[in-house]
Amino acid sequence: MAEYWNFEPNYEQKAKRFFANIPKPEMILNYDIAVKDFVHSGNASAQIKLFLKRLGVDAKVLRRVAVTSYEAEINITAHSFGGTIVGNIFPEMIHIIFQDRGPGLKNIEEAMTPGFSTASDLVREMGFGAGLGLPNIKKNSDVMHIVSAENESTMLEILIYY
Amino acid sequence: MSIKLDVYIEAINGEILTENVDYKNIELDDGYCSDLLSDVMGNALDNQVWITIMRHLNVIAVASLTGVPAVVFTKNIKPDVAVIEKANNEEICLITCKLSSFEASGILYQLLKK
Numbered sequence: 012m013a014e015y016w017n018f019e020p021n022y023e024q025k026a027k028r029f030f031a032n033i034p035k036p037e038m039i040l041n042y043d044i045a046v047k048d049f050v051h052s053g054n055a056s057a058q059i060k061l062f063l064k065r066l067g068v069d070a071k072v073l074r075r076v077a078v079t080s081y082e083a084e085i086n087i088t089a090h091s092f093g094g095t096i097v098g099n100i101f102p103e104m105i106h107i108i109f110q111d112r113g114p115g116l117k118n119i120e121e122a123m124t125p126g127f128s129t130a131s132d133l134v135r136e137m138g139f140g141a142g143l144g145l146p147n148i149k150k151n152s153d154v155m156h157i158v159s160a161e162n163e164s165t166m167l168e169i170l171i172y173y
Numbered sequence: 005m006s007i008k009l010d011v012y013i014e015a016i017n018g019e020i021l022t023e024n025v026d027y028k029n030i031e032l033d034d035g036y037c038s039d040l041l042s043d044v045m046g047n048a049l050d051n052q053v054w055i056t057i058m059r060h061l062n063v064i065a066v067a068s069l070t071g072v073p074a075v076v077f078t079k080n081i082k083p084d085v086a087v088i089e090k091a092n093n094e095e096i097c098l099i100t101c102k103l104s105s106f107e108a109s110g111i112l113y114q115l116l117k118k
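Top to bottom, those sequences are chains A and B.
For the first sequence, the positions run 12 to 173 when this note's numbering is used.
For the second sequence, the positions run 5 to 118 when this note's numbering is used.
No lab work stands behind these hints, which were simulated from the structure alone.
Take these hints with a grain of salt, some might be off.
Think about it this way: if two alpha-carbon atoms lie no more than 16 Å apart in a straight line, the pair counts; the simulated EDC-like pairs of lysine to aspartate or glutamate are [unchecked claim]:
no., chain 1, residue 1, chain 2, residue 2
1, A, 150, B, 43
2, A, 149, B, 50
3, B, 102, B, 19
4, A, 149, A, 121
5, B, 8, B, 31
6, B, 117, B, 34
7, A, 149, A, 168
8, A, 149, A, 120
9, A, 71, B, 50
10, B, 82, B, 26
11, A, 117, A, 163
12, A, 64, B, 43
Model the full structure from these sequences, guided by the hints.
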C-alpha cells in the first residue's frame, strides 16, 4: 500500500504525538456512504458541520471542516464501491476517517495534482470531476493522510484543529 | 460596498423560487460565478451570491456547506421541486433569471461598484 502525508508545519509535532497514541474521542459520529448516491451525498458532512457548530466551533474552522468532509464524501460517492465516514470529536480538534471499499488509487501523487481527474461523464455533468477534490482537502486540513493502492481500498484521514 | 439581495434580484429581473428566506435582509458584498462544485466549495464565501447554470441537488449542499446565502440560476434554468424544497429547508434563496452568467455577473459587479 502506498502512503501520503501532509502536515501543516504548526501542527506536525502535535499531530505526530496524536497518531502515536490516539486517545479516546469524546464523541464518535458514524455514517455509511452508498455507491453513486448523489441525492444523499453531503448529508454526513452537513451533520458533522452542524454538530461542531453546536459545540461553538469558529465559523472559519467550520467552513474548513465542511469543505474537507464534503470533498471526501463526494469522492466516496463518485469513485468508490461505497464506504464509511467516522468523525472523532476531541476537545481541541476533529479527526475524520473516510474509508472506502475500493477500487483504490493507482498513484496518490497523481491524484493530488490539481486538475487530475478520473471522473465519469455522469459525475462531470453534476459539476464534479474538476480534479480539485484532494487539493481542496489538503488546503483546508491541518493534517492529511492517505493509504491506498490499485485494487485495494482507500483510507483518507484528516485532522483539523479548532 | 454592499447591496441588499432584493436590489440585485430586481436588477436582473429575477424570479424568486424559494419561500421562507427573508431576501431583503441578505447583504451581498461580492459574487462568485462558477459551474464546478469543487471550485465553488474551495472559494465561495458567505457574503457572496453564487451565479451558476448547475441545477442539481448538490448545488444546495455546496451552498449550505460554504454558507452562500443565495444562488442565481442563469439562462432561465429552473431546478426540480426537490431542489427547491431542500433550499427552503436550508434557508437558501434560489433565484432564476433569463440573463447569461456573464450578464448577471456584470450587473452585480456594477451594482457593487467594483
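Hints and how they fare:
1. A:150 with B:43: 12 Å, holds
2. A:149 with B:50: Distance ~21 Å between residue 149 of chain A and residue 50 of chain B Cα, so the pair is violated.
3. B:102 with B:19: Within the cut-off at roughly 9 Å; holds.
4. A:149 with A:121: Answer holds: residue 149 of chain A to residue 121 of chain A is near 14 Å, not above 16 Å.
5. B:8 with B:31: 5 Å, holds
6. B:117 with B:34: Status holds; Cα separation ~10 Å.
7. A:149 with A:168: Status holds; Cα separation ~11 Å.
8. A:149 with A:120: 12 Å, holds
9. A:71 with B:50: Distance ~10 Å between residue 71 of chain A and residue 50 of chain B Cα, so the pair holds.
10. B:82 with B:26: 20 Å, violated
11. A:117 with A:163: 10 Å, holds
12. A:64 with B:43: 24 Å, violated
Going down the numbered hints, you'll see the structure goes against 2, 10 and 12, while the others check out.
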